[in-house]
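A.B. asks: Below are the chains, spelled out letter by letter.
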Amino acid sequence: MLESRQIREIKTVLVVDDQEVNRDVLGAILEDDYHVLYAENGAEAIERIREYMNTLSIVLLDLYMPVMNGFEVLERMKEDDMMSRIPVIVLTSEKTAELKALQMGASDFITKPLDMHEVILARVGRIIELSEGKKLISAAEHDRLTGLYTKNFFFEYAERILRVVKDSTYDAVVVNIQQFHMINELKGRKFGDQVLCAVAQEIREFLNRTGGIASRLEADRFYIFCEHQEDYGALLSRLEQSANSQGEGTVIRLRMGVNVFQEGDTAVLMFDHARTACNLSRGDFQTPLVFYDDELRNREILHQKLLYGLEAALEEGQFQVYYQPKYNIQTDPPRLVSAEALVRWKHPELGMVSPGEFIPLFERKGVISEVDNYVWQIAAKDVRKWREQYGSALPVSVNLSRTDMFDTTLPARLNRLILNNGLNYSDIKLEVTETAYTDDADHVLEVISGLRGQGFEIEMDDFGSGYSSLNMLSEMPIDVLKMDMKFVRNIEMSETDFRLVKLIIDIAKYLRLKVVAEGVETEGQLSLLKNAGCDLVQGYYFSRPVPADEFKEMIRTDLALERK
Amino acid sequence: MTLQELYREIGGDYEQALQVLRVDKLLDKHIRKLPKNGVVEGLLSAGETKDPKTLFEAAHAVKGLCANLGLTELSKNASEIADEFREGSTRKLSDAEVSERIDRIRILYRKAADGIARYEAQ
Numbered sequence: 007m008l009e010s011r012q013i014r015e016i017k018t019v020l021v022v023d024d025q026e027v028n029r030d031v032l033g034a035i036l037e038d039d040y041h042v043l044y045a046e047n048g049a050e051a052i053e054r055i056r057e058y059m060n061t062l063s064i065v066l067l068d069l070y071m072p073v074m075n076g077f078e079v080l081e082r083m084k085e086d087d088m089m090s091r092i093p094v095i096v097l098t099s100e101k102t103a104e105l106k107a108l109q110m111g112a113s114d115f116i117t118k119p120l121d122m123h124e125v126i127l128a129r130v131g132r133i134i135e136l137s138e139g140k141k142l143i144s145a146a147e148h149d150r151l152t153g154l155y156t157k158n159f160f161f162e163y164a165e166r167i168l169r170v171v172k173d174s175t176y177d178a179v180v181v182n183i184q185q186f187h188m189i190n191e192l193k194g195r196k197f198g199d200q201v202l203c204a205v206a207q208e209i210r211e212f213l214n215r216t217g218g219i220a221s222r223l224e225a226d227r228f229y230i231f232c233e234h235q236e237d238y239g240a241l242l243s244r245l246e247q248s249a250n251s252q253g254e255g256t257v258i259r260l261r262m263g264v265n266v267f268q269e270g271d272t273a274v275l276m277f278d279h280a281r282t283a284c285n286l287s288r289g290d291f292q293t294p295l296v297f298y299d300d301e302l303r304n305r306e307i308l309h310q311k312l313l314y315g316l317e318a319a320l321e322e323g324q325f326q327v328y329y330q331p332k333y334n335i336q337t338d339p340p341r342l343v344s345a346e347a348l349v350r351w352k353h354p355e356l357g358m359v360s361p362g363e364f365i366p367l368f369e370r371k372g373v374i375s376e377v378d379n380y381v382w383q384i385a386a387k388d389v390r391k392w393r394e395q396y397g398s399a400l401p402v403s404v405n406l407s408r409t410d411m412f413d414t415t416l417p418a419r420l421n422r423l424i425l426n427n428g429l430n431y432s433d434i435k436l437e438v439t440e441t442a443y444t445d446d447a448d449h450v451l452e453v454i455s456g457l458r459g460q461g462f463e464i465e466m467d468d469f470g471s472g473y474s475s476l477n478m479l480s481e482m483p484i485d486v487l488k489m490d491m492k493f494v495r496n497i498e499m500s501e502t503d504f505r506l507v508k509l510i511i512d513i514a515k516y517l518r519l520k521v522v523a524e525g526v527e528t529e530g531q532l533s534l535l536k537n538a539g540c541d542l543v544q545g546y547y548f549s550r551p552v553p554a555d556e557f558k559e560m561i562r563t564d565l566a567l568e569r570k
Numbered sequence: 007m008t009l010q011e012l013y014r015e016i017g018g019d020y021e022q023a024l025q026v027l028r029v030d031k032l033l034d035k036h037i038r039k040l041p042k043n044g045v046v047e048g049l050l051s052a053g054e055t056k057d058p059k060t061l062f063e064a065a066h067a068v069k070g071l072c073a074n075l076g077l078t079e080l081s082k083n084a085s086e087i088a089d090e091f092r093e094g095s096t097r098k099l100s101d102a103e104v105s106e107r108i109d110r111i112r113i114l115y116r117k118a119a120d121g122i123a124r125y126e127a128q
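Chains W and S, in that order, give the protein sequences.
Residue numbering for the first sequence follows our numbering, starting at 7 and increasing by one per position.
Residue numbering for the second sequence follows our numbering, starting at 7 and increasing by one per position.
Honestly, the hints are just simulated from the structure, not real lab data.
Fair warning: there could be bad hints in the mix.
Here are the simulated DSBU-like pairs of lysine-lysine, each with C-alpha atoms no more than 35 Å apart in a straight line [unchecked claim]:
(1) Lys59(S) <-> Lys106(W)
(2) Lys141(W) <-> Lys193(W)
(3) Lys59(S) <-> Lys558(W)
(4) Lys391(W) <-> Lys371(W)
(5) Lys106(W) <-> Lys39(S)
(6) Lys391(W) <-> Lys515(W)
(7) Lys101(W) <-> Lys82(S)
(8) Lys42(S) <-> Lys101(W)
(9) Lys35(S) <-> Lys311(W)
(10) Lys35(S) <-> Lys106(W)
(11) Lys106(W) <-> Lys84(W)
(12) Lys59(S) <-> Lys84(W)
(13) Lys56(S) <-> Lys17(W)
(14) Lys492(W) <-> Lys558(W)
(15) Lys42(S) <-> Lys157(W)
(16) Lys172(W) <-> Lys141(W)
Bear in mind that the values here come from a model prediction, so they are computed numbers and not experimental data.
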């Protein structure tokens with residue numbers, strides 16, 4: 007059987023004493039169990055310690071020696087980060103020296119004469135064991151790369167500080183290196199590590215002045231828990247400076263979120279909020295420092311309410327589908343040709359909630375598909391109803407979110423939508439936002455082609471709001487281009503904007519795409535668009551989004567035009 | 007002359023020495039080295055200078071070495087000198103009393119060195 011003794015390596019002990027008799031005695035005591043090294047004075051001891059730094063388990067140190075005495079050895083060891091981790095037992099017969107040595111960092115002492123061999127052996131073993139235990143804890147306690155605390159220890163200590171030190175106010179600070187994975191990719195992992203270490207070192211220096219603790223989490227995120235500070239701009243720029251001092255060729259940007267302690271906060275909560283603040287400055291180079299303030303707090307509470315309320319909203323029909331008509335402006339008078347289905351939320355407590363608030367939130371949290379699905383169902387039923395009532399169906403376009411693009415059941419779901427409601431594929435048009443195309447172009451292209459193959463018409467929504475290129479337009483299997491409203495907004499005032507709109511319309515025509523202009527509000531805009539050859543228009547000029555009942559009236563009015 | 011006989015002759019505590027060094031062989035090695043060691047001579051010459059720091063360090067070294075070798079009387083006298091000149095402690099002995107102890111050490115040491123020389127010679 008394998009015994010633990012066999013796998014345990016032989017440990018190394020350094021005996022430092024100017025008297026040969028002491029070296030011999032300690033050698034005789036220790037040599038059966040340890041690999042024993044010797045030094046005759048302090049200077050020699052320091053040399054040995056440096057030489058065996060990584061393998062030395064303990065130093066037995068005489069205090070009174072020529073050349074360099076034991077106190078000086080203790081002093082030197084204490085100053086050195088690595089040497090200070092090696093435990094020391096002092097050899098002495100001086101009571102006052104024992105105390106002084108312990109105060110200087112010695113772990114224990116052995117009194118001379120060295121007549122209690124078994125006690126000495128046991129004491130050496132015990133101190134090595136203790137120090138190894140301490141090292142194990144220390145390894146779990148500290149991040150290997152930066153030496154900052156690991157997550158669990160950090161939060162444990164932060165909670166302890168909050169519990170114990172009641173007379174100070176504390177701040178939770180989260181620092182993040184922007185695009186750190188890109189730094190690693192472009193300049194290599196080693197460089198990335200250097201940047202992390204430089205930031206950690208600057209944080210340590212900050213904490214030396216202010217007091218506090220720090221941790222590194224999730225590769226490039228630093229948490230700092232410190233006494234309340236008024237100015238964090240200085241810290242942020244110092245951290246950025248040291249991150250950028252590691253080499254030329256890349257500009258490293260940091261962002262920072264700060265949360266000041268409030269009564270009842272726990273450390274975890276404080277850092278949740280600081281992180282929210284930090285994330286808010288993501289991608290925004292203008293405001294890299296964000297405080298978690300009342301506004302943010304209220305928004306978070308609102309978001310919690312919205313997320314929490316989603317299920318009930320779906321069950322109780324709190325979501326309402328509004329329709330914004332699209333008019334063909336090339337006819338005279340313009341005719342209603344379709345509508346976009348838009349969701350509204352009548353929250354029992356908050357009242358009407360802006361889709362600008364809950365849609366991006368649900369998208370981020372990956373639950374938007376449930377809302378989309380709900381809207382599709384209502385829209386499909388309404389389309390069916392109108393056909394039954396008025397004989398002709400008016401197609402409605404619905405929005406597909408980015409998450410829908412990655413849902414493998416999407417084609418089947420849309421298929422069922424058409425079949426279960428007795429519709430044609432041309433009755434429901436699908437709007438896909440431009441940014442979805444840029445996320446994972448190949449995948450989106452495949453999904454869109456599939457849907458188009460099923461018979462759906464695809465509209466590219468918000469064209470011009472993101473970073474899509476004209477080049478992409480020719481590759482994307484789409485039928486309609488919806489120009490983002492920011493293009494239309496200034497066409498009356500700005501010649502350049504108008505030319506741009508004209509250009510987009512011309513290109514779309516060339517590619518045989520229909521163009522919808524969004525956000526049309528004035529007669530002037532309308533006539534410019536009409537002259538530029540734009541087919542369809544959507545906007546307040548004709549109508550804001552309206553409930554189904556009101557939209558029904560619009561259909562009726564439009565049909566009356568036909569009969570004239 | 008056996009080691010035990012040597013110790014009896016020079017007034018040492020053989021049992022205590024063996025307690026530290028455990029085997030005769032090691033005791034033999036170190037008792038033979040005592041006259042060449044120089045620590046006791048160091049203390050004797052420190053006695054001439056009367057420099058407290060030198061006296062303390064020299065006495066301390068003699069105290070430790072002799073305690074290990076079971077030379078209890080030598081160790082005891084050296085210990086008293088070390089106590090006397092330890093940094094921060096107040097003097098209890100007169101200069102004459104210190105000299106008396108230095109003299110005693112000189113006599114004890116000569117006796118030990120003579121004995122050891124005879125022990126080595128056989």
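A.B. asks: Please go over all the hints and tell whether each is borne out by the structure.
C.D. replies: Against the structure, the hints come out as follows:
1. Lys59(S) <-> Lys106(W): holds, 17 Å
2. Lys141(W) <-> Lys193(W): With Cα atoms ~33 Å apart, Lys141(W) and Lys193(W) stay inside 35 Å; holds.
3. Lys59(S) <-> Lys558(W): At roughly 109 Å apart (the allowed maximum being 35 Å), Lys558(W) and Lys59(S) break the hint.
4. Lys391(W) <-> Lys371(W): holds, 33 Å
5. Lys106(W) <-> Lys39(S): Distance of about 32 Å is within 35 Å: holds.
6. Lys391(W) <-> Lys515(W): Since the Cα atoms of Lys391(W) and Lys515(W) sit roughly 34 Å apart, the hinted pair holds (cutoff 35 Å).
7. Lys101(W) <-> Lys82(S): holds, 16 Å
8. Lys42(S) <-> Lys101(W): Holds, at about 29 Å.
9. Lys35(S) <-> Lys311(W): violated, 86 Å
10. Lys35(S) <-> Lys106(W): Holds. Lys35(S) to Lys106(W) sits at ~34 Å (cutoff 35 Å).
11. Lys106(W) <-> Lys84(W): holds, 14 Å
12. Lys59(S) <-> Lys84(W): With a Cα-Cα distance of about 25 Å, the restraint between Lys59(S) and Lys84(W) holds, given a limit of 35 Å.
13. Lys56(S) <-> Lys17(W): Given that 35 Å is the threshold and the Cα spacing comes to 45 Å, the pair is violated.
14. Lys492(W) <-> Lys558(W): Status holds; Cα separation ~29 Å.
15. Lys42(S) <-> Lys157(W): violated, 61 Å
16. Lys172(W) <-> Lys141(W): Roughly 31 Å between the alpha carbons, so the hint for Lys172(W) and Lys141(W) holds.
Hints 3, 9, 13 and 15 from the earlier list are contradicted by this structure; the remaining hints agree with it.
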